[in-house]
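There are 2 protein chains.
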Amino acid sequence: LYLDQADQSQRQQWLSELTADYTTLQQEGLNLDLTRGKPSSEQLALSDALDGLLQGNFIASDGTDTRNYGGIDGLPEGKQLGADILGVDADSVLVGGNASLTLMFHAVMVGLQYGFDGDGNAWNQQGNTKFLCPVPGYDRHFTVCEKFGIEMVTVPMTATGPDMDAVENAVQQDPNIKGIWCVPKYSNPIGVTYSDDTVARMAKLANLAGAGFRIFWDNAYAVHDLVSQPKPLADIAALCRLYNTEDSVIQFASTSKITHAGAGVSFLSASSKNLQAIKSFLSAVTIGPDKVNQLRHRRLLPDRAAVEQHMQKHAAIIKPRFDVVLQCLEEAFGDSDLGRWERPEGGYFISFDARPGCAKEIIRLAAEAGVKLTPAGATFPYRNDPEDKNIRIAPTVPSIEQLEKAMEVFVICVKLASVKQAM
Amino acid sequence: LYLDQADQSQRQQWLSELTADYTTLQQEGLNLDLTRGKPSSEQLALSDALDGLLQGNFIASDGTDTRNYGGIDGLPEGKQLGADILGVDADSVLVGGNASLTLMFHAVMVGLQYGFDGDGNAWNQQGNTKFLCPVPGYDRHFTVCEKFGIEMVTVPMTATGPDMDAVENAVQQDPNIKGIWCVPKYSNPIGVTYSDDTVARMAKLANLAGAGFRIFWDNAYAVHDLVSQPKPLADIAALCRLYNTEDSVIQFASTSKITHAGAGVSFLSASSKNLQAIKSFLSAVTIGPDKVNQLRHRRLLPDRAAVEQHMQKHAAIIKPRFDVVLQCLEEAFGDSDLGRWERPEGGYFISFDARPGCAKEIIRLAAEAGVKLTPAGATFPYRNDPEDKNIRIAPTVPSIEQLEKAMEVFVICVKLASVKQAM
Numbered sequence: 142l143y144l145d146q147a148d149q150s151q152r153q154q155w156l157s158e159l160t161a162d163y164t165t166l167q168q169e170g171l172n173l174d175l176t177r178g179k180p181s182s183e184q185l186a187l188s189d190a191l192d193g194l195l196q197g198n199f200i201a202s203d204g205t206d207t208r209n210y211g212g213i214d215g216l217p218e219g220k221q222l223g224a225d226i227l228g229v230d231a232d233s234v235l236v237g238g239n240a241s242l243t244l245m246f247h248a249v250m251v252g253l254q255y256g257f258d259g260d261g262n263a264w265n266q267q268g269n270t271k272f273l274c275p276v277p278g279y280d281r282h283f284t285v286c287e288k289f290g291i292e293m294v295t296v297p298m299t300a301t302g303p304d305m306d307a308v309e310n311a312v313q314q315d316p317n318i319k320g321i322w323c324v325p326k327y328s329n330p331i332g333v334t335y336s337d338d339t340v341a342r343m344a345k346l347a348n349l350a351g352a353g354f355r356i357f358w359d360n361a362y363a364v365h366d367l368v369s370q371p372k373p374l375a376d377i378a379a380l381c382r383l384y385n386t387e388d389s390v391i392q393f394a395s396t397s398k399i400t401h402a403g404a405g406v407s408f409l410s411a412s413s414k415n416l417q418a419i420k421s422f423l424s425a426v427t428i429g430p431d432k433v434n435q436l437r438h439r440r441l442l443p444d445r446a447a448v449e450q451h452m453q454k455h456a457a458i459i460k461p462r463f464d465v466v467l468q469c470l471e472e473a474f475g476d477s478d479l480g481r482w483e484r485p486e487g488g489y490f491i492s493f494d495a496r497p498g499c500a501k502e503i504i505r506l507a508a509e510a511g512v513k514l515t516p517a518g519a520t521f522p523y524r525n526d527p528e529d530k531n532i533r534i535a536p537t538v539p540s541i542e543q544l545e546k547a548m549e550v551f552v553i554c555v556k557l558a559s560v561k562q563a564m
Numbered sequence: 142l143y144l145d146q147a148d149q150s151q152r153q154q155w156l157s158e159l160t161a162d163y164t165t166l167q168q169e170g171l172n173l174d175l176t177r178g179k180p181s182s183e184q185l186a187l188s189d190a191l192d193g194l195l196q197g198n199f200i201a202s203d204g205t206d207t208r209n210y211g212g213i214d215g216l217p218e219g220k221q222l223g224a225d226i227l228g229v230d231a232d233s234v235l236v237g238g239n240a241s242l243t244l245m246f247h248a249v250m251v252g253l254q255y256g257f258d259g260d261g262n263a264w265n266q267q268g269n270t271k272f273l274c275p276v277p278g279y280d281r282h283f284t285v286c287e288k289f290g291i292e293m294v295t296v297p298m299t300a301t302g303p304d305m306d307a308v309e310n311a312v313q314q315d316p317n318i319k320g321i322w323c324v325p326k327y328s329n330p331i332g333v334t335y336s337d338d339t340v341a342r343m344a345k346l347a348n349l350a351g352a353g354f355r356i357f358w359d360n361a362y363a364v365h366d367l368v369s370q371p372k373p374l375a376d377i378a379a380l381c382r383l384y385n386t387e388d389s390v391i392q393f394a395s396t397s398k399i400t401h402a403g404a405g406v407s408f409l410s411a412s413s414k415n416l417q418a419i420k421s422f423l424s425a426v427t428i429g430p431d432k433v434n435q436l437r438h439r440r441l442l443p444d445r446a447a448v449e450q451h452m453q454k455h456a457a458i459i460k461p462r463f464d465v466v467l468q469c470l471e472e473a474f475g476d477s478d479l480g481r482w483e484r485p486e487g488g489y490f491i492s493f494d495a496r497p498g499c500a501k502e503i504i505r506l507a508a509e510a511g512v513k514l515t516p517a518g519a520t521f522p523y524r525n526d527p528e529d530k531n532i533r534i535a536p537t538v539p540s541i542e543q544l545e546k547a548m549e550v551f552v553i554c555v556k557l558a559s560v561k562q563a564m
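These protein sequences, in sequence, are chains Y and L.
Sequential numbering of the first sequence, starting at 142, is according to this note's numbering.
Sequential numbering of the second sequence, starting at 142, is according to this note's numbering.
Treat the hints with care, as some may be off.
Copies of the same chain are indistinguishable here, so a pair counts whether it falls within one copy or spans any two.
[What the hints assert, rightly or not] Capping the alpha-carbon separation at 35 Å, the derived lysine-lysine pairs in DSBU-like fashion look like this:
#	residue 1	residue 2
1	LYS420	LYS530
2	LYS546	LYS414
3	LYS420	LYS288
4	LYS501	LYS420
5	LYS513	LYS345
6	LYS288	LYS561
7	LYS454	LYS414
8	LYS288	LYS414
9	LYS414	LYS501
10	LYS288	LYS454
11	LYS530	LYS288
Derived from the structure by calculation, the hints contain no laboratory data.
So that you can see chain Y by itself, here it is in the shape it has in the complex:
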């Protein structure tokens, strides 16, 4: 289907056929959901051994009684788990609670209201704080900015990561840009891994940017590979050491999509200067993270190899679901001008760019045929997709059969919305 090359009578014919197909599907009374970027029950069950794993031994390797108060940055076991996941030194890791989002929120708060560089260096003492937001991106990153009144400046995502020309220009021209949100591996939602060149340019960014600039490197899918030889992600911490920009990057990860999504452990990795500022802040916020849960997680995942083996079990469950979606898209739109998408080698999402102006209508049509899609605009700051084209597909929760049916509906809705718009 090449809409741009079709004449009006062809389009009219397609419209009739698609309307008929759509009406037929509507009558099936479906109730399917492609919105939920979370693990399925089958995936969660991979980690059910967590409960009861300690067998009465609550003492950590350094002698800490994990059941009691104490320690703001986590057990050696927790730090090493974070180090294994992020590929960083354990010394650089701070362990949080069950949500890396909380670590991100608090890290932004430190930069904005207190300053990583100490008194007088808070961003909010330097004017109107802005963050760069590669789009499409992760809605909860945008919500953090919104909550703090941080102005969001968008830059486009490409197949190699954020458009680095746009990123570099922006930080050079505006010293009030104090941060950028990055999901460097299997980026939420488009699923690309930043290229080596992109990571290297990120590592040098602080040399172009205003004072106190920080990269929020949310490596949420650090070990979430679906293929055996995935494209590797360059080591930004090592590159930052090379370029003397160690303080400019704060990395985040969690076990949320490794073990139990709601009951895991989160990690932050940063330079000693950043760690000091964050720990000082956190000591006013908490008596310390849940150490029993850290010990439990380390016993389940005692080293990097164990993490990788565990993730292969996830891949065995998830990969067929990604394949269904990607195959449906390829068959329907591979030879068309109706949409574009990446082919993620990991992560949790597939992102579909429809023809501009069609996303809302596709989502509406799908909903009326019983297939729930993430609301249009969700992947943009202020929930505003200026071109109204991006749709995020989350394939992990539905069954293969449900996915096949949902994608059948999706394909019809994309075609129908596109043809209607082109009439």
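We have chain Y; now place chain L onto it with these hints.
Using the frame of chain Y, we list chain L on its own:
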């Protein structure tokens, strides 16, 4: 020993005797610690069944899969546990992570930066925010204020709670006083429970105070009784309903000193208006609290009776330790002008008021004899005890024998410091 009635030669004699006793104790090379307000290993072990209790059943009563994402305010099980502990309706409860301090920090942040009453009503839009701090009090409450730049105004504690005349005068005279920290039961550190009159006057306080005033009711020791018929704490939520001040109180509790201190569940109870503001804020901060841990805790403590039985086991361990301290104090100072203290019926601390100007010296002397005491001033805002007299004693961690020895040292140090100062 009545110093004020002794003449100089008596004092000189005491000084010689006490110096000799002190020197003897110093030579014992002791290494004891009365600073740690945390449970002993024996207490922690009461809850070791938590790990493994779920036996593969992670589904909550409402069908929620606790292993997955979702839910900002907690499971029905978590809310009911909080309700049982605080004596409130489960509907009024929000469940947090392992630290009630985090809930308090975030609740203060909502009031200060966002406003419980919505846009335009944040405290920081109304001038220089101040909080009333009954002293002596809990250092971490003061740290929250310090972190937010909230000015702390002290009011004295009495045997019936904060001096309510002082509290009422202060809020009437200064509408910028937007909050007060309260530990209403076995108040940290002096160990008194607020009288019915105090609680009733607290419940009416919002009618005298400026807009947006909130009481931070940290009921940390709600079920931590050491005696079988403790003095009851009046129900502030019920009184607030009576006086139409429901929005003026936010209650907090946790299982930290019930189960595992570092790995428990925290609770907040408030009016629906406050809950709405707090939930809206938290949805930017977290994907939700650890629900597996909530379920685990409810299985261990399925109802109020189970909580009470569990706390009796704690009391059986702790009570003899409190008795040692109180008996030593009574024997040494019951008939003297060297100090005053309350006799707590629960909680974690005994607070000793030495003669003004003696606390630092007592603590220094004790340290040099191998007994670590909480630093002077720790129970006051900005770590400044203006009269230099309050010393917090934490008797739960040491053994009975250790406590007896430590109190022997303490008594000598109090006497020695007092006599020296009176010379």
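Here is what the structure says about each hint:
Only between protomers do LYS420 and LYS530 lie at most 35 Å apart by alpha-carbon distance; the minimum there is 31 Å, versus 41 Å within a single protomer. Neither within a single protomer nor between protomers do LYS546 and LYS414 lie at most 35 Å apart by alpha-carbon distance, with minima of 52 Å and 43 Å respectively. Taking CA atoms no more than 35 Å apart as the test, LYS420 paired with LYS288 passes in both settings, with 22 Å inside one copy and 13 Å between copies. For the homomeric pair LYS501 and LYS420, the shortest alpha-carbon distance between copies (29 Å) is at most 35 Å, but the shortest distance inside one copy (43 Å) is not.
In this homomeric assembly, LYS513 and LYS345 never come within 35 Å of each other (Cα to Cα): the closest approach is 41 Å inside a single copy and 49 Å across copies. For the identical chains of this complex, LYS288 and LYS561 are neighbours neither inside a copy (38 Å) nor across copies (57 Å), given an alpha-carbon limit of 35 Å. Proximity of LYS454 to LYS414 under the C-alpha cut-off of 35 Å is found in neither arrangement, the shortest distances being 38 Å within a copy and 45 Å between copies. Both within a single protomer and between protomers do LYS288 and LYS414 lie at most 35 Å apart by alpha-carbon distance, with minima of 26 Å and 19 Å respectively.
In this homomeric assembly, LYS414 and LYS501 come within 35 Å of each other (Cα to Cα) only across copies, at 34 Å, whereas the closest approach inside a single copy is 45 Å. Taking the shortest alpha-carbon separations for LYS288 and LYS454, neither the intra-copy value of 37 Å nor the inter-copy value of 45 Å comes in at or below 35 Å. Taking CA atoms no more than 35 Å apart as the test, LYS530 paired with LYS288 passes inside one copy only; the shortest distance there is 26 Å, against 44 Å between copies.
In terms of the numbered hints stated before, the structure departs from hints 2, 5, 6, 7, 10, listed from lowest to highest.
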